[in-house]
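Trainee: Let chain A serve as the given structure and place chain B on it in line with the hints.
So the protein lines, in turn, are chains A and B.
Residue numbers for the first sequence follow my numbering, beginning at 32 and rising by one.
Residue numbers for the second sequence follow my numbering, beginning at 32 and rising by one.
Please keep in mind that the hints were generated in silico from the structure rather than gathered at the bench.
Just so you know, these numbers come straight off a predicted model, no measurement behind them.
Beta carbons are placed, not taken as given, at the ideal position from N, Cα and C, and that holds for glycine.
One thing to keep in mind: the hints can contain errors.
[Said to hold, decoys possible] Derived DEER-like restraints, expressed as beta-carbon distance ranges: (1) B:Asp212 <-> A:Asp206: 29 to 39 Å; (2) A:His132 <-> B:Gly118: 32 to 42 Å; (3) A:Leu208 <-> B:Gly54: 31 to 41 Å; (4) B:Met134 <-> A:Pro78: 51 to 61 Å; (5) A:Leu53 <-> B:Pro135: 30 to 40 Å; (6) B:His132 <-> A:Arg244: 26 to 36 Å; (7) A:Phe130 <-> B:Leu53: 38 to 48 Å; (8) B:Ala175 <-> A:Lys74: 49 to 59 Å; (9) B:Lys109 <-> A:Asp129: 31 to 41 Å; (10) B:Thr197 <-> A:Arg244: 20 to 30 Å; (11) B:Gly231 <-> A:His132: 24 to 34 Å; (12) A:Phe130 <-> B:Gly234: 36 to 46 Å; (13) B:Pro155 <-> A:Phe130: 24 to 34 Å; (14) A:Asn144 <-> B:Ser68: 32 to 42 Å.
[To be verified] Cut-off 27 Å, straight-line C-alpha distance, at most; resulting in silico cross-link-like pairs (DSSO-like, lysine-lysine): (15) B:Lys214 <-> A:Lys241; (16) B:Lys74 <-> B:Lys49; (17) B:Lys74 <-> A:Lys241; (18) B:Lys200 <-> A:Lys241.
Number of protein chains: 2
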Amino acid sequence: MKIGILGTGMVGEAFRTKFVQLGHQVKIGSRTANNESALKWAKSAGPNASQGTFNDATEFAELVFVCLKGAVFLDVAKTLSPGSMSGKVLVDVSNPLDFSHGMPPSLSICNTNSLGEEVQKALPSAKVVKTLNIVNCQVMVDPAKGGHPTMLICGNDTEAKQKVTTLLKDIGWRDILDLGDIKSARGTEMLLPLWLNLFGSFGHPHFGFKVVRG
Amino acid sequence: MKIGILGTGMVGEAFRTKFVQLGHQVKIGSRTANNESALKWAKSAGPNASQGTFNDATEFAELVFVCLKGAVFLDVAKTLSPGSMSGKVLVDVSNPLDFSHGMPPSLSICNTNSLGEEVQKALPSAKVVKTLNIVNCQVMVDPAKGGHPTMLICGNDTEAKQKVTTLLKDIGWRDILDLGDIKSARGTEMLLPLWLNLFGSFGHPHFGFKVVRG
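In isolation and in its complexed conformation, chain A is listed as follows (with noise of 0.2 Å):
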C-alpha cells in the first residue's frame, strides 16, 4: 500500500521504519522537502522508502498517517492542496497536549471536543480514523513491547476502518475494539493524564490498557 507519514520526529521514524520493513511504499512528509534528515532515511531505506513535503505526501498516498505533535496539524492541513485528501484515509495518533502551563501538560481540546474530530472538520472529505494515541511510539509498532494492550479505534467511515485495522493486525495488534464514529476520540484522548501519570510513575513507556470483562 502506498503509505504517506506526516511527521519526521519518533513517532514517524517508528512508522516509517515498520511500513517499508512490512513491504509498504511510504513517502514521509515534512515542511520542507529535503530536509536532510528526512533525505538521509529516504537513501539508506531503500526502494520503497521516499520524501517530499507534507503535500507531496498526502498527494502520493492512499492512507496518511498524521504523527505531528499536539494540535499542529490543524495548521498543515490548511496548507495541503484542495483535495489532496478526498476520499482517503487519515489516521490521526496525535494528542492534544498543551506543554504552555508547565508539567504535566493538560489537554487543549477535551471534554465535549477532541482533535479527532477536529481534524475530521478542517478534512471533511477525508476518511479519519483515530487510533493508537493511547501508547507510546514504541508500543505502536511492536504491542508486546506495551505488554498487548487494546487498542481503541474510532471514525466514521467502516470500510477506513476495516483497512487500519488490517493494517493494526499486520504490525502485531491482537485485541482491537472498535469503539464507534469520531466522536469517540474524546475518551481516547481523555485517556492520556493516566497515561503521562503512569509513565511517571513506572519511569518507562512499556505499558498500556487492556479492556478486561467479567
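Mentor: Positioned in the frame of chain A, the structure of chain B alone reads:
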C-alpha cells in the same frame, strides 16, 4: 471497622451489603434520618447495620465512603459538623458527571482539576482517597465481575491509602496501583468518557481496564 456510607443509591447499597458481609459496623447516611429504605435496611441487615443523617454517619465512622452522584458531596460537605471528618479517611468513589447537556454526560470538572481535589479542598482535615470510580458499582464490590481489572488509588496520605488498599484486597481486588497524590484523580475521572463509550458498545457494565506492561 466503623464505616460510614453517604448515599442510599445503587453505589451505597452495593457497599453497605458488602461491608456488613465482611463483618464491619456500617452506618448509612442520607439527607434526613429515618428515610424509608434506610430504616428498612438497618432493621433487616443485622446488628452491625444502622442509619442516620450524613452527619450521623461521619461522626460514627473512622472511614467514610462517599457514594453520592456527581459533585453533590461538595454541597453536603458544607453541612457536616466542623471537625466530624477531621483526621478520618474519606473514600471518594464518585465522578463529576454532568448530565445537563444531554447524553452522553460530560465532566463538570476535568483536565486541570478534579472532583477528588475539590473534595480534599472542601474538607482539608480529612484524608481523601480517590478510588473505585473507574468501574461500575457491581464491579467495585466484586472485581471478578469486571474481569479483574486494575484498581487505581490516589491521595495525599500514605497511611490512608494503605488502609483503603487493605479494604480493597478484602473485597477481592488483586491488582492495585497507587498513582500518587490527589491530583492524580484527574486521570482516573477522565477515564469516564471512555468507560461510558464502552458501556454503550457492550451493553453491560461488567468490564474494566487492566494496566499491562511489556
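Trainee: Each hint should be assessed against the structure and marked as holding or not.
Mentor: Comparing the hints with the structure gives:
1. B:Asp212 <-> A:Asp206: 29 to 39 Å: Check passed, 32 Å falls within 29 to 39 Å.
2. A:His132 <-> B:Gly118: 32 to 42 Å: 33 Å, holds
3. A:Leu208 <-> B:Gly54: 31 to 41 Å: 39 Å, holds
4. B:Met134 <-> A:Pro78: 51 to 61 Å: 52 Å, holds
5. A:Leu53 <-> B:Pro135: 30 to 40 Å: 37 Å, holds
6. B:His132 <-> A:Arg244: 26 to 36 Å: Since the Cβ atoms of His132 of chain B and Arg244 of chain A sit about 29 Å apart, the hinted range of 26 to 36 Å holds.
7. A:Phe130 <-> B:Leu53: 38 to 48 Å: Check passed, 45 Å falls within 38 to 48 Å.
8. B:Ala175 <-> A:Lys74: 49 to 59 Å: 56 Å, holds
9. B:Lys109 <-> A:Asp129: 31 to 41 Å: 33 Å, holds
10. B:Thr197 <-> A:Arg244: 20 to 30 Å: 27 Å Cβ-Cβ, so the 20 to 30 Å window holds.
11. B:Gly231 <-> A:His132: 24 to 34 Å: At roughly 33 Å between Cβ atoms, His132 of chain A and Gly231 of chain B fall inside 24 to 34 Å, so the hint holds.
12. A:Phe130 <-> B:Gly234: 36 to 46 Å: 39 Å, holds
13. B:Pro155 <-> A:Phe130: 24 to 34 Å: Holds, at about 30 Å.
14. A:Asn144 <-> B:Ser68: 32 to 42 Å: 40 Å, holds
15. B:Lys214 <-> A:Lys241: 24 Å, holds
16. B:Lys74 <-> B:Lys49: 16 Å, holds
17. B:Lys74 <-> A:Lys241: It is violated: about 42 Å lies between the C-alpha atoms, which goes past 27 Å.
18. B:Lys200 <-> A:Lys241: 21 Å, holds
In terms of the numbered hints stated before, the structure departs from hint 17 and from no other.
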